[in-house]
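Chains as they are written, first to last, in my numbering: chain U, 1 to 121; chain A, 1 to 121; chain X, 1 to 121; chain Y, 1 to 376; chain H, 1 to 376; chain E, 1 to 376.
I should point out that these hints are in silico values taken from the structure, not numbers from a laboratory. A few of these clues could be false.
Coverage of chain U stretches by chain Y, computed from C-beta distances (three or more under 8 Å per stretch; other residues unrestricted) [claimed, not checked]:
#1 16-29
#2 65-77
Ranges of calculated distance between the beta carbons of each label pair, as one might list FRET restraints [said to hold, decoys possible]:
#3 Glu274/Y - Val216/H: 22 to 32 Å
#4 Leu29/Y - Val17/H: 58 to 68 Å
#5 Val31/X - Val19/H: 18 to 28 Å
#6 Thr30/U - Gln337/Y: 25 to 35 Å
#7 Thr18/H - Val31/X: 24 to 34 Å
If you're wondering where the values come from, they're calculated on a predicted model, not measured in any experiment. Each residue gets a CB set at the ideal place from its N, CA and C atoms; glycine is no exception.
The primary structure of each chain is shown beneath.
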Amino acid sequence: MENLLWGLQTTLLGMGLVFSLLALMWGLLTVALRLDQPSEPAPRAGGPEPAPAAPEPQFPPGLDEQTMAAILVATLAHRAQRRREAAPAMRSYWPGSLLYASRWVGAGRAVQNHGWRRGYR
Amino acid sequence: MENLLWGLQTTLLGMGLVFSLLALMWGLLTVALRLDQPSEPAPRAGGPEPAPAAPEPQFPPGLDEQTMAAILVATLAHRAQRRREAAPAMRSYWPGSLLYASRWVGAGRAVQNHGWRRGYR
Amino acid sequence: MENLLWGLQTTLLGMGLVFSLLALMWGLLTVALRLDQPSEPAPRAGGPEPAPAAPEPQFPPGLDEQTMAAILVATLAHRAQRRREAAPAMRSYWPGSLLYASRWVGAGRAVQNHGWRRGYR
Amino acid sequence: MIGSDTIGLLLQGLSHVTVESVVMIGLSLVLLYLGIEKGYEPLLLLPIGAGCLLANLPLSPLIAEDGMLRVLYDMGIRNELFPLLIFIGIGALTDFGPLLENPRLVLLGAAGQFGIFMTLIAALLLGFTRPEAASIGIIGAIDGPTSIYVSGLLAPHLLGPITVAAYSYMSLVPIILPPIMKGLTTKSERLVRMPYTQRAITRRTRILFPILVTVVVGTLVPFATPLIGMLMLGNLMKESGAVERLTKASAQEIANTVTLFLGLAIGSTMVGGEFLKPRTLAILFLGIVAFGVDAMAGVLFAKVLNRLSRGKVNPLIGAAGISAFPMAARVVQKVAQEEDFENFLLMHAMGANAAGQIASVVAGGVLLALMGAGGL
Amino acid sequence: MIGSDTIGLLLQGLSHVTVESVVMIGLSLVLLYLGIEKGYEPLLLLPIGAGCLLANLPLSPLIAEDGMLRVLYDMGIRNELFPLLIFIGIGALTDFGPLLENPRLVLLGAAGQFGIFMTLIAALLLGFTRPEAASIGIIGAIDGPTSIYVSGLLAPHLLGPITVAAYSYMSLVPIILPPIMKGLTTKSERLVRMPYTQRAITRRTRILFPILVTVVVGTLVPFATPLIGMLMLGNLMKESGAVERLTKASAQEIANTVTLFLGLAIGSTMVGGEFLKPRTLAILFLGIVAFGVDAMAGVLFAKVLNRLSRGKVNPLIGAAGISAFPMAARVVQKVAQEEDFENFLLMHAMGANAAGQIASVVAGGVLLALMGAGGL
Amino acid sequence: MIGSDTIGLLLQGLSHVTVESVVMIGLSLVLLYLGIEKGYEPLLLLPIGAGCLLANLPLSPLIAEDGMLRVLYDMGIRNELFPLLIFIGIGALTDFGPLLENPRLVLLGAAGQFGIFMTLIAALLLGFTRPEAASIGIIGAIDGPTSIYVSGLLAPHLLGPITVAAYSYMSLVPIILPPIMKGLTTKSERLVRMPYTQRAITRRTRILFPILVTVVVGTLVPFATPLIGMLMLGNLMKESGAVERLTKASAQEIANTVTLFLGLAIGSTMVGGEFLKPRTLAILFLGIVAFGVDAMAGVLFAKVLNRLSRGKVNPLIGAAGISAFPMAARVVQKVAQEEDFENFLLMHAMGANAAGQIASVVAGGVLLALMGAGGL
Ligand code: NA
Ligand code: NA
Ligand code: NA
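Chain U on its own, in the form it takes in the complex:
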């Protein structure tokens, strides 16, 4: 019975402490993130400049677009193959890690990229 009481006290105190500590962290993070913002000059001021037009692709004579594409595809396929084969030591990020999946993540974000503060349903 005494043990049970102790257990309840521990739970109360423990969860209280865990919540307080994480709430404190939330507060600190919010402050830190707010302080961090000004250091980045607003990149949108004046609106984005139009990107320079991509240069037209130049092919050497005798090497048409198809061949170039074939070379490119072969090289890319080989690169992907090498990457798959490679020992873990070769990868900057582990397969399945967040960073490795950045393109998928990016795609998912693009679908839902709405401001957090603006009304959204």
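Got chain U sorted already, so can you dock chains A, X, Y, H and E with the ligands onto it with the hints?
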């Protein structure tokens, strides 16, 4: 003299034990392997199906067979080169290891691939 | 005061020992290098043979020099890219290490490659 | 001269085979089976199973004085070096970015630790001592090294079953979580889409975050300093980008070597009579309680947040607050997609999951503090 | 104040140069030469040579208290940790497939251990004590870590010469074996072609094999548990395919680091007066006896099998039963090809060789058991 | 029962925050800033900063008995294992070829150690004891592991500030050296081009060199045996080309792991009251003296050589004799190119730099000998 006697006893007992243990292992292995066989359904039942015909290679216009072959050779040569240059960490198997040599081993086997139980001289 | 005297003695003795030891090493090295020379037969005796002429490049029909060059460039660029991306484990020598820089070092040497003993200004 | 007694001595291996040792070897085979064939955290369960097998062979010299398994135990379990080294590697592989983009998720991590304390109470009711109950409760941290660290300090004799329970259930997260998540939420709640902020996290913030967390947590809960310090050291090394060689060594060479040694050493603590007691079954049972209560508390708390934010929080992400990094976040995304294929919750779930990782460590430190302060 | 006596003290290095230390440094140079220029197992002989050189420099602080070489010795030789860790790596690189395809080859491994006991008797006749004789005999296991493990337990003061003999002769296997193989067989025997079975070894069998061997050998010969357990642990990790990171760490990072430390520490035991005794020469001589007798016993036993199977076994593969994995198998294939270029014995030789590896470990355990039981 | 005193105990972390610990944490943040943002030797300064931060958190369990940082300290600093292991890796990455092509450069290395002794005298004048003064002087070796090794033996309580000073200033070499080099040389001296020999260095010489240096230095200065022995062991492994696996392990896995552990352990020695004394400032000041005097002595000695060789030696390469391998050589090349873009001094500077590396180790051994012989 007493030492010599002890040595002989040790030899007898030692070799006896080593042989008995390995004989026991032989027995266990034989049993284990026999138990293992039934779990594999006979793959030959009905005879092998003919492999589907390889699709005819399609070349994009302007990229003939020679060019394709060149691209392929360049890619393969590069891959082999990379493999050779690669640090040991990149190799699944060490050079010289049994598995790495599997093609040669395969060739040797092909020459002599006769059933163990059928008469052979 | 006594400490200062001790410090001066230590300096004298210490630098003396360091210099003597390294001078001894210089002597030993000089002897070792002199002993090492005879073991190499003079490579210039008879003058260097002219290098065999490089074989004329052969292109398969339909794959002209431009295409070959493109394939080569793509492969080399890919290789360099892989090398840059690769984890440290892939590099034989660390970036910035002497051996990695050997081509530059070679070039620098070529500019100044004059005998040490001959007069030079 | 070799006498007749020698023959008897030669057979002493066979004569020391006991029922307990046979049962334990059977159990080690089960662990190996779970690890190899079922794929339950094989990196831990294979070495643990092997260590258990080798320690229970008759007269095993590996656990005698100067035996290899005992050497490994003394090298890194007794002094808690191994779990802390593994934490450096975990920190180097953890991305706190999603949490930084949405700091309010931090609270979800706190809720996901409720199971620790419920399990502690349940263990007390089953008759365990206070340190034992706290060690069993820490299974609810759902974080391997934290469980090993805390139970190694409070009840080293329970290290084996607690570690096995922690890692086994952790690999069962994809099976345990979905029913709880579905049972506690309505379809409309599961359909909630959570928008993303435009907030860009600067490198400076990413570098300051681990330092800040270490200083704050370490000052307020000194018992948590080793755990949080090593986790954040690994993260600092990664985010700084200045010491790639050390980051790689922590996440690969050191982590792999230590994982092998750790598993073998923990397996070797599971020896015969000591292990084969009803309490081991009780621990396995309490472990599943810990997981369940954690998940429930996380989801329920997320439902509260959902109300408070007027429906902007999908309650499913509460289940990611239990830790079990990073599996739990993936489970959340999977369950959400079952309802709405285009719902992309992963980054929010990752944030909650990273919060759970930190909260688990904090809870471990708090538990140690409570035991050290008033419980022992 | 620095007095005149200081100058004397500064020269104490020179004044402590002894004849023994000079001879030992010369010997270490021979070891380095064999390793680097002759390619005799450089991975071991280079560190051993370096350790021997550094330990024999006058007043070497490296072998004083807290000196690095002594620290390494205490870290992994005294408690046998290093050879066992190396065994994990060896297991991860060993393929028991050829043995599983042809289990009868197991017996060839047993025959190849006869040299251990003949050498033991020879050593006794030369006046060595029983533990010393057993340690010298274990050179006949023709397996580095087994030799280090057994002699480290029975006669640590002989660790240096025994290890050097074991590794030096092992690298001489391509020179030692062929004359013995040719002398004991007829041309027609060497021409025997051995057919291959169609048997496919399932993954299940490959996984069960290391577990089974560990349990059987460990139960019957507890002294062999550490050796066989670690060898089979490495193999289990490889065959399971479930823990690639740990397998790689065992076979690369751990194995490389431990090999370097092991070599240095063993080299540091070879110090002056203790090493320069006639018995060292005797050990080198007995080592070559061990290799020769092993090979002879293996070939002769294979000849018996040849008779029993009515000519279906090529006696050459008996020489692969001595262990010396995997060189011996390649030597067998080479000798067979000299007679018949198309004779492909390699896989059979590999099977015998893997059997020899297991048998060496078993013999090491049996020897320890006999010494522990009736010999000490 | 949890009483009211428990709440007080829970806050004991906060109540143990002292002014010293806050200052030390601030200092650790400075170290982290220098390492991460300024790029000052981050491989060392980041772990040192982290270790310092973690050790100064209130009641840090990491430096209590069996605490991880103390375990790491005992594992490799107390017995000097870590700096010696790092030396193997440095040896494996050092190319003594440029020195072998031009052995006379050896003497430049000797001149570059003058700062050690000048600093020793300055430290004595500031009131440090003799072992402390010698430890501070060794900053002038401008070689991290040598500083750690020597000061770990002579004055372990100063290990923290000495290591920090050594590594910080080392990363400042590109800023410290050029003004000294330019101030002490004339434009015409800086324009001197040094020709290259045609001498080809055989593999035999490259292999014999590390052995020869070990034997000679080890015999004459036994105190230098560990340092020079490990440096040359690494070089021997590299040049032999026979043990690539061990070379790679030394230069990568071992070096990375040990660097992390070493930094953390050294950082953990920088605790509160012990560190925050005026003497720490004095050490930082004396460290810069050591660097300056070293560089001056090196350049001035090279000017003497320039006279003796009738203008064939560019005095700039003297600055490379201070060690700080391999940054100093690059700085020399850069300064030379500022005057004459086509002047290619790098290989000569590399030779002087390698000589400085050897001379630093020799000077460390000599200093230990003088302290052991007449100074303690
Ligand atoms: Na948790
Ligand atoms: Na053998
Ligand atoms: Na120096």
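Query raised in the report: Which hints, by number, does the structure contradict?
Result: 2
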